[in-house]
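From just these sequences and the hints, can you work out the full model?
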Amino acid sequence: MTRRPFGIRKRGPGASKISPLGYGPKMVKVGLVAGEADSENVDKAFWNEFGTETIPERPFLRNTMRNNRDAYRAAMRTAAKTIIGTAARGGDARGAVTLALRKLGLKAADDVRLEIIALSDPPNAPSTVARKGSSNPLVDTSEMQNAVSSKVEE
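All the letters of the sequence shown, read from the start, carry residue numbers -17 to 136 under our numbering.
It is worth saying that the hints were derived from the structure and are not from the lab. All figures in this text were calculated on a predicted structure; none of them were measured in a lab. By construction, the Cβ of each residue, glycine as well, lies at the ideal position given by its N, Cα and C atoms. Please note that a few of the clues may not be correct.
As the list claims (entries may be wrong) - Below, computed lysine-lysine pairings styled on DSSO-like, alpha-carbon distance capped at 27 Å:
| # | residue 1 | residue 2 |
| --- | --- | --- |
| 1 | K133 | K85 |
| 2 | K133 | K8 |
| 3 | K63 | K114 |
| 4 | K133 | K114 |
| 5 | K114 | K11 |
| 6 | K114 | K85 |
| 7 | K26 | K114 |
| 8 | K8 | K114 |
As the list claims (entries may be wrong) - Label-pair ranges, simulated between beta-carbon atoms:
| # | residue 1 | residue 2 | range |
| --- | --- | --- | --- |
| 9 | E35 | T60 | 42 to 50 Å |
| 10 | P105 | G73 | 48 to 56 Å |
| 11 | D103 | A53 | 17 to 25 Å |
Next comes the structure, spelled out in structure tokens:
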């Protein structure tokens, strides 16, 4: 009898359905996605995320990913089980991958929008607060916040 390394099991009939998963959606982009957001909002997001000589760094995208990393990983572990189960039963595994990535993208985009609203440090300069009538550094017209989206890509 041949012994298999710990955790390795004999390939069942569903295993052949999992192999083709190498083709299909591979990632979800979240933020101000090229082709989805206009260049003015992309510029504002970039300047705020990384800062400029006159705008302090306000990393709303990095904060969102760092603060939610564990939740996103847990969601992908759960999705992986569903995807593998779907493939093993002969279902549409690629569709399950696409659905999982869409769900993760929508959740992450919502988290980015919430971070844009919540971020308060560093605060706006008093002159900026007077001009826009608000102390929220990343919200003025809400255009940038509303431009946040997600997109599943191959």
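27 Å Cα cutoff - pair K8, K114: violated, 41 Å
K133 paired with K114 [C-alpha distance capped at 27 Å]: violated, 32 Å
Agreement of K133 and K85 with the hint, judged by alpha carbon distance not exceeding 27 Å: holds, 11 Å
CB-CB spacing for T60 and E35 relative to the 42 to 50 Å hint: Given a distance of about 44 Å, which is inside 42 to 50 Å, the answer is holds.
Distance restraint between K114 and K85, which requires alpha-carbon spacing of 27 Å or less: violated, 35 Å
Outcome for the supplied range 48 to 56 Å, where the beta carbon pair is P105 and G73: Holds: the Cβ-Cβ distance is about 51 Å, inside 48 to 56 Å.
Satisfaction of hint between K11 and K114, Cα-Cα up to 27 Å: Violated: K114 and K11 sit about 31 Å apart, past 27 Å.
Pair hint K63 and K114, alpha-carbon separation not exceeding 27 Å: violated, 48 Å
Given hint K8 paired with K133 - CA-CA distance at most 27 Å: holds, 11 Å
Consistency of beta-carbon spacing, A53 to D103, with hint 17 to 25 Å: holds, 23 Å
27 Å limit on alpha-carbon distance, applied to hinted pair K26 and K114: Holds, at roughly 15 Å.
Violated hints, listed in ascending order, are 3, 4, 5, 6, 8; each of the other numbered hints is respected by the structure.
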